[in-house]
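Asks: Heads up: the sequence lines are chains A and B, in that order.
For the first sequence, numbering that gives the first Met the number 0 assigns the number 0 to the initial residue and increments by one for each residue that follows.
For the second sequence, numbering that gives the first Met the number 0 assigns the number 0 to the initial residue and increments by one for each residue that follows.
Do not rely on the hints blindly, as some may be mistaken.
[Stated by the list, open to error] Heads up, simulated DSSO-like pairs for lysine-lysine below, C-alpha to C-alpha not over 30 angstroms straight-line: (1) 90/B to 81/A; (2) 81/A to 57/B; (3) 104/B to 126/A; (4) 57/B to 126/A; (5) 84/A to 104/B; (6) 90/B to 104/B.
[To be verified] Pairwise CB distance ranges, derived in the manner of DEER restraints: (7) 28/B to 106/A: 45 to 51 angstroms; (8) 104/B to 132/A: 47 to 53 angstroms; (9) 148/A to 99/B: 30 to 36 angstroms; (10) 99/B to 131/A: 43 to 49 angstroms; (11) 73/A to 62/B: 36 to 42 angstroms.
[Said to hold, decoys possible] Computed footprint of chain A on chain B, listed as stretches where at least three residues anywhere in the stretch have a Cβ under 8 angstroms from a Cβ of chain A: (12) 7-18; (13) 21-33; (14) 50-57; (15) 64-73; (16) 79-93.
Derived from the structure by calculation, the hints contain no laboratory data.
Note that CB positions come from ideal geometry on N, CA and C, so glycine has one too.
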Amino acid sequence: MDAVLFLIFAALAVICAINLVLQTHPISSALSLIGVMGSLAVLYLLLGGEFIAAAQLIVYAGAIMVLFIFVIMLLNAGSEHKVRKGPWVRFFGVPLLVAFLGLLGYAVQTVLPSGEGVRFGGFVQGKALDVGRLLFTTYLLPFEVTSVLILIAILGAIVLARKEID
Amino acid sequence: MPLLPQSVPLSWYLALSAILFSLGVAGFLYRRNVITVFMSIELMLNAVNLSFVTFSYKLKQVDGHIFSFFVMVVAAAEAAVGLAIILTVFKNRQTLEIDEISSLKN
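One chain only, chain A, in its complex shape (with noise of 0.2 angstroms):
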């Protein structure tokens, strides 16, 4: 049932995946974004993620996508034109491209000494309690730093949007 759930969502992710990298058009990449990270998200639950699942589809699906739409509308995006390509990249690209992430899988399919696997419910210490707690003692710093981070970003943001730089 595991193999079963993570051969469905993985094979969801890398079907998105491909889309996102072969459409033209933004708005196609950006919905095909939003079909990985949801697969993603099933994933991490199969981990035993509870918290990092709820927070990849709040944070990443539902706020930096919605951002990124918000943007792909307001510029009003179109289509990529079609250039030619030259012949090295038309004939080998693709072919290249799958060689290589067959041999990736590979290399790390050997290099990895398989013990035991991953099953549903081998890891329980991913629940909101427990990241919220070591969040709050062992990273404390770098959790409070984050959030100097955010305000600076929040103001870089403001500062660029309205500012017209010559």
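Place chain B on chain A using the hints.
Replies: Chain B only, in chain A's frame:
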């Protein structure tokens, strides 16, 4: 031997992460729309998050979840600033093609 293993091997998750990262790199190099290039970077960040969570499962520690949480926060800040830069560039140049935004080249 059954067709599918009872539990998913850890390497499958890492292979998926590597494949998603490579597809992100491919999109980064191949696409010419600034927004799509930016989305490819988000795809790469997601792939890295997956391997963080996978190793968190392997080591039975929550630290990996904290790291991927920080990656998400930084990605949110990066998206806000990056999209503001894209807005400014579009306001000044009326284009989103990265090949035409080349004033730093000379």
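Asks: Each hint: holds or not?
Replies: Quick rundown of the hints versus the structure:
1. 90/B to 81/A: 24 angstroms, holds
2. 81/A to 57/B: Between residue 81/A and residue 57/B the Cα gap is close to 45 angstroms, so the pair fails against 30 angstroms, i.e. violated.
3. 104/B to 126/A: Status violated; Cα separation ~49 angstroms.
4. 57/B to 126/A: This hinted pair holds, its Cα atoms lying about 16 angstroms apart.
5. 84/A to 104/B: 22 angstroms, holds
6. 90/B to 104/B: 20 angstroms, holds
7. 28/B to 106/A: 45 to 51 angstroms: 21 angstroms, violated
8. 104/B to 132/A: 47 to 53 angstroms: 50 angstroms, holds
9. 148/A to 99/B: 30 to 36 angstroms: 32 angstroms, holds
10. 99/B to 131/A: 43 to 49 angstroms: This hint holds: roughly 47 angstroms between Cβ atoms.
11. 73/A to 62/B: 36 to 42 angstroms: The hinted range 36 to 42 angstroms holds for residue 73/A and residue 62/B, with Cβ atoms some 39 angstroms apart.
12. 7-18: holds (count 11)
13. 21-33: holds (count 9)
14. 50-57: With 4 residues closer than 8 angstroms to chain A, the stretch 50-57 of chain B meets the three-residue bar; holds.
15. 64-73: holds (count 8)
16. 79-93: As far as the stretch 79-93 of chain B goes, the hint holds, because 11 residues have Cβ atoms under 8 angstroms from chain A.
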